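Trainee: What follows is the residue order along each chain.
There are 2 protein chains.
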Amino acid sequence: MAELKVYADRMSQPSRAIIMFCKMNKIDFEEVKVHLATGQHRNPEYREINPMQQVPAIVHGSLKLFESHAILRYLACAFQGVPDHWYPSDLSNRALIDAILDWHHSNLRRGAAALVFDTILAPIFGRPLNPQAAEEAEKILDSSLSKIESLWLPGNAKFLLGNAQPSIADLSFVCEIMQLELLEEKHRERIFGPHKKILHWIENVKAATNPNFEEVHAMLYKTKEKIHGKMSDDAMKSGP
Amino acid sequence: MAELKVYADRMSQPSRAIIMFCKMNKIDFEEVKVHLATGQHRNPEYREINPMQQVPAIVHGSLKLFESHAILRYLACAFQGVPDHWYPSDLSNRALIDAILDWHHSNLRRGAAALVFDTILAPIFGRPLNPQAAEEAEKILDSSLSKIESLWLPGNAKFLLGNAQPSIADLSFVCEIMQLELLEEKHRERIFGPHKKILHWIENVKAATNPNFEEVHAMLYKTKEKIHGKMSDDAMKSGP
Numbered sequence: 001m002a003e004l005k006v007y008a009d010r011m012s013q014p015s016r017a018i019i020m021f022c023k024m025n026k027i028d029f030e031e032v033k034v035h036l037a038t039g040q041h042r043n044p045e046y047r048e049i050n051p052m053q054q055v056p057a058i059v060h061g062s063l064k065l066f067e068s069h070a071i072l073r074y075l076a077c078a079f080q081g082v083p084d085h086w087y088p089s090d091l092s093n094r095a096l097i098d099a100i101l102d103w104h105h106s107n108l109r110r111g112a113a114a115l116v117f118d119t120i121l122a123p124i125f126g127r128p129l130n131p132q133a134a135e136e137a138e139k140i141l142d143s144s145l146s147k148i149e150s151l152w153l154p155g156n157a158k159f160l161l162g163n164a165q166p167s168i169a170d171l172s173f174v175c176e177i178m179q180l181e182l183l184e185e186k187h188r189e190r191i192f193g194p195h196k197k198i199l200h201w202i203e204n205v206k207a208a209t210n211p212n213f214e215e216v217h218a219m220l221y222k223t224k225e226k227i228h229g230k231m232s233d234d235a236m237k238s239g240p
Numbered sequence: 001m002a003e004l005k006v007y008a009d010r011m012s013q014p015s016r017a018i019i020m021f022c023k024m025n026k027i028d029f030e031e032v033k034v035h036l037a038t039g040q041h042r043n044p045e046y047r048e049i050n051p052m053q054q055v056p057a058i059v060h061g062s063l064k065l066f067e068s069h070a071i072l073r074y075l076a077c078a079f080q081g082v083p084d085h086w087y088p089s090d091l092s093n094r095a096l097i098d099a100i101l102d103w104h105h106s107n108l109r110r111g112a113a114a115l116v117f118d119t120i121l122a123p124i125f126g127r128p129l130n131p132q133a134a135e136e137a138e139k140i141l142d143s144s145l146s147k148i149e150s151l152w153l154p155g156n157a158k159f160l161l162g163n164a165q166p167s168i169a170d171l172s173f174v175c176e177i178m179q180l181e182l183l184e185e186k187h188r189e190r191i192f193g194p195h196k197k198i199l200h201w202i203e204n205v206k207a208a209t210n211p212n213f214e215e216v217h218a219m220l221y222k223t224k225e226k227i228h229g230k231m232s233d234d235a236m237k238s239g240p
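If you read the sequences in order, they're chains A and B.
The opening residue of the first sequence carries number 1 in the UniProt record's numbering; numbering runs sequentially from there.
The opening residue of the second sequence carries number 1 in the UniProt record's numbering; numbering runs sequentially from there.
Where hints are given, some of them may not hold.
As the list makes no split between identical chains, a pair holds if one copy fits it or if it spans any two.
No farther apart than 25 Å at their CA atoms in a straight line, the calculated lysine-lysine pairs in the PhoX-like style are these [stated by the list, open to error]:
hint, residue 1, residue 2
1, K64, K158
2, K26, K197
3, K147, K64
4, K196, K158
5, K206, K64
6, K147, K224
7, K206, K222
8, K196, K226
9, K5, K226
10, K64, K197
The set of hints was computed from the structure by calculation and includes no laboratory data.
Remember, predicted model here, so these are calculated numbers, not experimental data.
Please build the complete structure, drawing on both the sequences and the hints.
Mentor: In structure tokens form, the structure reads like this:
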């Protein structure tokens, strides 16, 4: 089988989902780092791989593919030996996973990604922070977390849709939500306070996917330390 | 096979895509009207069908499904005799269609739906028009139309991705873009002026899907007449 190349930056939540999926399923792949903070995703060479200038993207034989959910669906079907629970062959179960993956774009992603960007990441990309946009994003995020809890984590559900084992939707959603690690502790407490079920579910996904989960998120934890270390330094400097 | 119920309002672009798909493929279904303008999508009975309180949704046997792309994927696989071109069984061709369907959410849909809402539909739903949001939406729409033309309608491509026959992505995209019919002619001219390839592709989809295309869009054309008839009346009244 042709070699699989995964173009990714582990600071990007959908990049982490793809890498975790490959590692969980022992899919042989080469990880090609596309450094977002230095703008490598806008290089002409990368545009040949993904004209959208985003990560992740994959190259597999003659196929060049972008959009993380399309990539997850493809990998689950194209590589032999991927257990059925990741993307079930049963049409109804598959359709329910497709539906929440589609829902993700205009809800969880729109809320979480915008909140992190407008609260903390914007300056790294040369843009000003935008508290008003962050406030709007937090509303979308809160409503999305409520929907996940009430609709797709019924009773003591271990994974999304009440499944006994994780699917590609668990990977996509958990990587998106983990991005909120970058926020200050007080913001995380406010956001997750009413959503204990989400925290419990994150632990379930961690337990089911470790050591890959922690390895793939190591760079996020490191960046968090850097950002908040720097913020404390700045606070000290401007202190009394 | 269990009866298929399609909950839809033909004023909703993804509702039209589902209805067109069923008609094109002679899938037997009952169309249940959920009248958005009178808020039927928020009724408790409909919430039992789709907790997202949006259209379209389907019920098929024990499966309740929302999100139009998930519905299109499901219908293409669950009903025998649907020609392969709608959602190819070849994994690479299927993945490319999945990718542009996923892309749609944060790009074409975000631009086109918001532009129509903030320019014309908001008052019907008791909300004020929002020219600033409309301006932002038009930028996203313009950039989305450019990407469709340059990336997925190469050369003399008849359908998206250079395919010889339409896929579920053609249906989804064309119904979204047709919603712009509701805008005033001068706005449509400004938007489509630089995008002749899009207009040509719409004609290809129409030709491949008529008489279903025109039948499913009849209500949109009627609403357009009503809105602009009313606008001319108002202009007369407030005239000199």
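Trainee: Are the hints correct? Go through all of them and say.
Mentor: Hints, one by one, checked against the model:
With identical chains, the CA atoms of K64 and K158 are at most 25 Å apart between copies only, with a shortest distance of 21 Å across copies and 34 Å within one. Proximity of K26 and K197 under a CA criterion of 25 Å is satisfied in neither setting, with 30 Å inside one chain copy and 44 Å between copies. When the C-alpha separation of K147 and K64 is checked against a cutoff of 25 Å, the pair qualifies only between copies, where the shortest distance is 16 Å, while the shortest distance within a copy is 34 Å. Within a single copy, K196 and K158 get their C-alpha atoms as close as 13 Å, which meets the 25 Å cut-off; across copies the closest is 51 Å, which misses it.
With identical chains, the CA atoms of K206 and K64 are never at most 25 Å apart, being 30 Å at best within one copy and 30 Å at best between copies. When the C-alpha separation of K147 and K224 is checked against a cutoff of 25 Å, the pair qualifies neither within a copy, at 27 Å, nor between copies, at 35 Å. Proximity of K206 and K222 under a CA criterion of 25 Å is satisfied intra-copy only: 18 Å inside one chain copy versus 53 Å between copies. Within a single copy, K196 and K226 get their C-alpha atoms no closer than 27 Å, and across copies no closer than 49 Å, so neither meets the 25 Å cut-off.
Taking CA atoms no more than 25 Å apart as the test, K5 paired with K226 passes in neither setting, with 29 Å inside one copy and 54 Å between copies. For the homomeric pair K64 and K197, the shortest alpha-carbon distance between copies (24 Å) is at most 25 Å, but the shortest distance inside one copy (37 Å) is not.
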